[in-house]
Amino acid sequence: MRTFAYARPAAVEEAAAALSQPAARAMGGGTDLLTQQDRGILPAESVVDLRGLGLDAIAPEREGIRIGATVRLADLGRNQAVRERFAVLHQAASAAASPQLREMGTVGGNLCQQVRCWYFRHPDLTCWLRGGDTCYAQVGDHRKHGLEPGDCISVAPSDLAAALLALDATVETSSRPQGIPLADLYRKASDENRSTLALAPGEFVTAVVVPRVPDASAYERAGERHAWSFALAGVAAARFGDQLRLAAIGVSNLPRLLDPADPLAGLPGLEQTAWKRRLLSGLAGQALSRVSG
Amino acid sequence: MARLIKTEAVVEGRTEVRWTLVEEDSTPEWPADQPPGVVGEPTTRLTAGARLSGSARYTSDMQLPRQLEATVLRSPHANARLTSISLDAARAVPGVRAVIGPGDCPPFDGETVLHSEPPYGGAAVAAIAAETREAADEAMAALDPQWEPLGFVVDLDQSLENQTFQDDPVEYERGDAEAALAAAELTVTSDYLAPAQLHNSMEPHCAVADWRPDGLTLWSSTQGIYQARSQLCGSFGLDQEHVRVICHFMGGGFGSKFGCGPEGVIAAELSRRASRPVRLVLSRRDENLSTGYRTPARFSFTIGAGRDGRLRAVEASAVMGLGTGGWAYPVLEPVKSLYACEHQHLMTLPMRLNLGPAAAFRAPGVMEGTWAFEQALDELAEAAGLDPLELRRRNHTDVDPSTGRPYTSKRLLESYDLAAELAGWDTRDELRSDGRVRRGMGCASQYWWGGGGPPAYADVRIGSDAKPVLTVGMQDLGTGVTTACAVVLAERLGIPPDQVKVRTGDTDLAGHGPFSGGSMTLASVAPAVRSAGHHVRTQLLELAADMFEIAASDLELTEGEVRSTDGTLRRPIHDVTEKLGNAWVTGSGSRAPNPDGMAVNTFGCQIAQVAVDTLTGLITVERVVAVHDIGRVINPMGARSQVLGGILQGIGFALSEERVVDPTTGTVVNAGLEDYKIPTLADLPEVECRFVGEPDPELALGIKGLGEPPIIPTPGAIGNAVAHALGLRLREAPYTPRRVLEALQ
Amino acid sequence: MQVELEVNGNRYRVDAPAAEPLSAVLRDRLQLTGTKVACGEGTCGSCTVLVDDRPVLSCLTLAAACDGAAVRTIEAEGDLLDRLRRAFTEEDGFQCGFCTPGQLMSALALLERTPHPSADEIVTAMSGNLCRCGAYEGIALAVARAAEDVRA
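Protein sequences, first through last, are from chains A, B and C.
Add 243 to a position in the first sequence, counting from 1, and you land on the number used in our numbering.
Add 887 to a position in the second sequence, counting from 1, and you land on the number used in our numbering.
Heads up: the third sequence at position 16 corresponds to 3 in our numbering, and the numbers run straight through without jumps.
Keep in mind that the hints were calculated from the coordinates and are not lab data.
Computed from a prediction, not measured in an experiment: that's the story for all the values here.
Take these hints with a grain of salt, some might be off.
Unchecked claim - To spell it out: a stretch of chain A is covered by chain C in this simulated footprint if at least three of its residues, at any positions, have a beta carbon under 8 Å from a beta carbon of chain C; those stretches are:
hint : segment
1    : 246 to 260
2    : 344 to 355
3    : 388 to 396
Stated by the list, open to error - Not the full set, but computed from the structure, chain B residues with beta-carbon under 10 Å of chain A:
hint : residue
4    : Glu1018
5    : Thr1019
6    : Glu1021
7    : Leu1505
8    : Gly1539
9    : Val1547
10   : Asn1557
11   : Pro1624
12   : Leu1631
Quick reminder that beta carbons are idealized off the backbone N, C-alpha and C, glycines included.
Could you put the whole structure together from the sequences, leaning on the hints where they help?
What follows is the structure, encoded as structure tokens:
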């Protein structure tokens, strides 16, 4: 059931103030937020639309590129500079979700989306990540879940996060305009705080900055059909000189930096997910071979 | 002259004997040597204009004056007792016009509609009609239901242990299977597990009810308007004359929408109480929890054969998960009827589980049974060292093996030959490799009914504008039957099909007709249409004979003209009809029975070529060759589309579709289209489609049905192709990346 | 809240709850029932409409967020849309027709942006529109055919 107020502020400060109110939720494309509302997940009293803030530009910055938080995935995927210089980002943006969801979804929203776990999203269950007591997946059906034990075994869904992690990107927020490493945008949910985002109340992503152009980069993902499937696993690789950066989604709670020499390290697999180790290993090998010099 | 006759009909494997009203029919059959005009020519759909402009009015689009919106409270528990509910609090919400709970709603087809002990997650408990969706939602929150959760069973093994059956077990025996198995030179044993496949018609189940003092009108997204009418009469104690069911445009059904559904009864009851029209549209989630699915089934086969591959005996069992409804769909029918095999012992166990009721889904039972048995046969072929197609040829039967009856026609051997040639079957081993992507090719046979039969009626009228109006007692799910009927009529009247206006989907328009299921619709109604058209043709020619003073027997209707056979007269048909003024020429037709003592079946063969990506586990169906024997093809364009649709749903079953039930809570975790994955355009294979059948000599117009056949062999052919590619067999469908990668470990 | 919309060239002012999706405004308030809602949760593409030329899912688009936007639906007029309608007819690119309005709007958006799409571009652009009848071959051929007609 959706009942909330809607605001579309025109300035970052105004948006931050509106988002500091209780049960205020930030909206980019709204594709994740509204489906959450329909299922009673983190009910909003007010929705703050960030698309009026002018954060929708893609522009060169120093040696790299700056991408506004409300740039649509489709526009990112179509951007010529991104396609030519940041292949991994182009490929991740073009592979995510469905064509319409890419036209609607924003870069910031994609990075901040909730997990796709079918228990978390279930309208009749309140799982641990939603504030309940039980991680239903651990005792139930976790065939598509992660490779890492924990309080919650759902997996990070954002294709862009893998690509940007491999590119060593920085995230700028409304209260931290100087930027933080992308990895610091995320946190492990804890008993006290079930959020997987390390954002303060009212804080939201304003831009992503990729500091430099890799010599080569590539994204490899596997889905459940040939199009329109959240990734079972996705691996992004980028090579800067002789430095390799490898990152994955779909295998653990948070976007994860992998050791190129041992991508499976720390990912033992769970009872029903051992198959994903084979998948991750294959995707990592493929991504690495595509960026090798 | 009308008469009542007793006739036998086979509907999705169930034989029914019924009384039927038929008219004497003197319409001549089409001559065998002459193509009957537009019949057999590709014809675009008559519904294109409406469906492509947004003007087609589906049930969920209905907006009657003062119409209310309905919502339904459903149980969140796999099994529970409702201990309290605040119906009055919901009634007090502004804008709410009717609230009903358990005990307030009449049953649907004898089954409880609103449950006080909801036996599955998603079972309906209460319903609300309100001025707006917001008011209905607010009232829903006010209901504040309290539940006492009860124990539940969602596991096949556990229900088997408890011996809780939803329908009677079905045992079938012929010969002495035990002795024949003991004596067989070759024995193959195998198990297969088929998933629950959810229909997911794009239009959800929905109904708009308008209850008035003079009767009930129900707009329903239904495959059976007359069935819906009978059910509503039964639920509310109304006469047929006081119930009208309308379904002009329908967004798919695939077997899940027979009759008016519980949603029709709920909408009608709310409308009765509120004295206002009520619209009830199910959410996608409710759709997938409560409106049916293809039954999950576990198959076990023991097959005995000679060293030559000839079948001697089969022992088979199928344990089906019916949930809380449905019947023992004929899952072992392919074993019983597809090949010659003297000794059989088959057992079907339809189990009850705390899940929504099962429903027929395009070739119910037979598709999943074919998927399993055709793979078991490939295992036998391997054991016998035989080519899989050769094994099937050797076991061919010329009579129905369970009854000994001859077939009205059977072109299965031709189907094998043509499919093999088109697919490059003989060189299929050259596809195989050890690389990342492994290719393979597999085949499967198809068996189904689909002869159609009475009752079916049609009326045709033509007025001064020379544009005939055809009224048929049926509904069009989107299969194209409307267009096919227009083609059949157009041939009799010598006009283009697009000049025909077809009126269907309204119980007040026509007397009676078949529901859309069992691949029966066209084969049932087309002869009635042709007969009605022939009566009109005869009258028009007599009118023309009077006008032009040429004997009617020397005139014909063709290309929109009345022509004399000697070529001296060519006048537009309009020249004759314009003399009618405001009068009509009318004709009626009905469907005569099929011949007694014969088996009416469709047959076919599909060959699939797959590519398995051993890195991602994703399977690509690259090509499907589909050869089917369906008798005369009325509209090859529509027929090809039916075949493509069946193949795509078969691909979904084989590769990605599977309802997942959480074992600890008993709740369905993928009741939406994000996690329940049906094929997209990107999953479409190249399809080579052929029809081998000539017109069936024993059936009216030579027609057999095509709705079900194309889905039947697809998953089995894919399963066999995957086994060919990988050199190992996946025993559980769908073949998802997880199952492929697990098998490769 | 009050929202001003231009739909198929006509201007409307509607007063709807802030949380109401565009699909409900189109279907229930403006009686434009050609736009279909099949899943209501952004998974099927049936409700696809164009908002400022982008193909979006109207079930997951807040009408409030479309203030001042130009919306096009299946009821729109236009040469390209008519070409698509003809091509869908001739290639039998639909059966039950329930997903078809969304298919046509996705196709329209594709051809407006990419008048001569490759086969791969057609598959990619149309892969968010599910069709349970399985009319995909006709859909792909129809989009290609309409593009050919543009070329001609």
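Verification of the supplied hints:
Counting residues of the segment 246 to 260 of chain A whose beta-carbon sits less than 8 Å from any beta-carbon of chain C gives 5, enough to reach three: the coverage restraint holds. Counting residues of the segment 344 to 355 of chain A whose beta carbon lies closer than 8 Å to any beta carbon of chain C gives 3, which meets the minimum of three for the stated coverage. Counting residues of the segment 388 to 396 of chain A whose C-beta sits closer than 8 Å to any C-beta of chain C gives 0, which falls short of three, so the coverage hint is violated. At about 16 Å, the closest approach between the beta carbon of B:Glu1018 and any beta carbon in chain A exceeds 10 Å, and the interface hint on this residue is violated.
A least Cβ separation of about 12 Å between B:Thr1019 and chain A goes past the 10 Å threshold, and the interface hint is therefore violated. Because the closest C-beta pair between B:Glu1021 and chain A is about 7 Å apart, less than 10 Å, the hint holds. Against a cut-off of 10 Å between C-beta atoms, the interface hint on B:Leu1505 holds, since the closest Cβ of chain A lies about 6 Å away. Because the beta carbon of B:Gly1539 sits about 9 Å from the nearest beta carbon in chain A, less than 10 Å, this interface hint is met.
Proximity of B:Val1547 to chain A holds as hinted, the smallest CB-CB distance being about 6 Å (cut-off 10 Å). For the restraint placing B:Asn1557 at the interface with chain A, the shortest Cβ-Cβ distance is roughly 6 Å, inside the 10 Å limit, so the hint holds. For B:Pro1624, the interface hint holds, the least distance from its beta-carbon to any beta-carbon of chain A being 6 Å, beneath 10 Å. A cut of 10 Å between beta carbons decides the hint on B:Leu1631: the least distance to chain A is about 7 Å, and the hint holds.
Hint check: violations occur at hints 3, 4 and 5; the rest are consistent with the structure.
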